[in-house]
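Asks: Numbering (the numbering used here), first residue to last: 1 to 69.
Keep in mind the hints are simulated off the structure, nothing from the lab.
Please note that a few of the clues may not be correct.
[What the hints assert, rightly or not] Distance windows between CB atoms, simulated:
id, residue 1, residue 2, range
1, Y24, S48, 30 to 36 Å
2, N27, Y50, 22 to 28 Å
3, T19, I60, 20 to 26 Å
4, H49, Y25, 21 to 27 Å
5, Q23, S48, 28 to 34 Å
A virtual CB, placed ideally from N, CA and C, is assigned to each residue, including glycine.
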Amino acid sequence: MNLLQFLLTIASFNFENDTEEWQYYQNELLSELNKQFYKDGTNFEGSSHYSAFVTEALIICRLSMRRNG
1 MNLLQFLLTI
11 ASFNFENDTE
21 EWQYYQNELL
31 SELNKQFYKD
41 GTNFEGSSHY
51 SAFVTEALII
61 CRLSMRRNG
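The whole structure should be built from the sequences, with the hints applied where relevant.
Replies: In structure tokens, the structure reads:
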């Protein structure tokens, strides 16, 4: 969630010249997602509520990133 929050902050405020840092945090997020989610889409927590929460946060982050390039 910390990586999501950081990426959302960068996307929301549209910081300039942070492309290297931006890419680093995107890669870290993808790495963590691969660790936390199984191939069938379930989360290691085993909670459907937590999975829904994380999925919603990821969608919001992705939409914000897409909107700001």
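Asks: Decide, hint by hint, whether the structure agrees.
Replies: Hints versus structure:
One distance hint, 30 to 36 Å for the beta-carbon pair Y24 and S48, holds here, with the actual separation near 31 Å. For N27 and Y50, the hinted distance range of 22 to 28 Å is satisfied, since their beta carbons lie about 23 Å from each other. Taken as a hint, the range 20 to 26 Å holds for the pair T19 and I60, whose Cβ atoms sit roughly 21 Å apart. Judged by the Cβ atoms, the range 21 to 27 Å given for H49 and Y25 holds: they are separated by roughly 26 Å.
Taking the beta carbon of each, Q23 and S48 are about 32 Å apart, inside 28 to 34 Å as hinted.
Checked against the numbered hints above, the structure breaks none of them.
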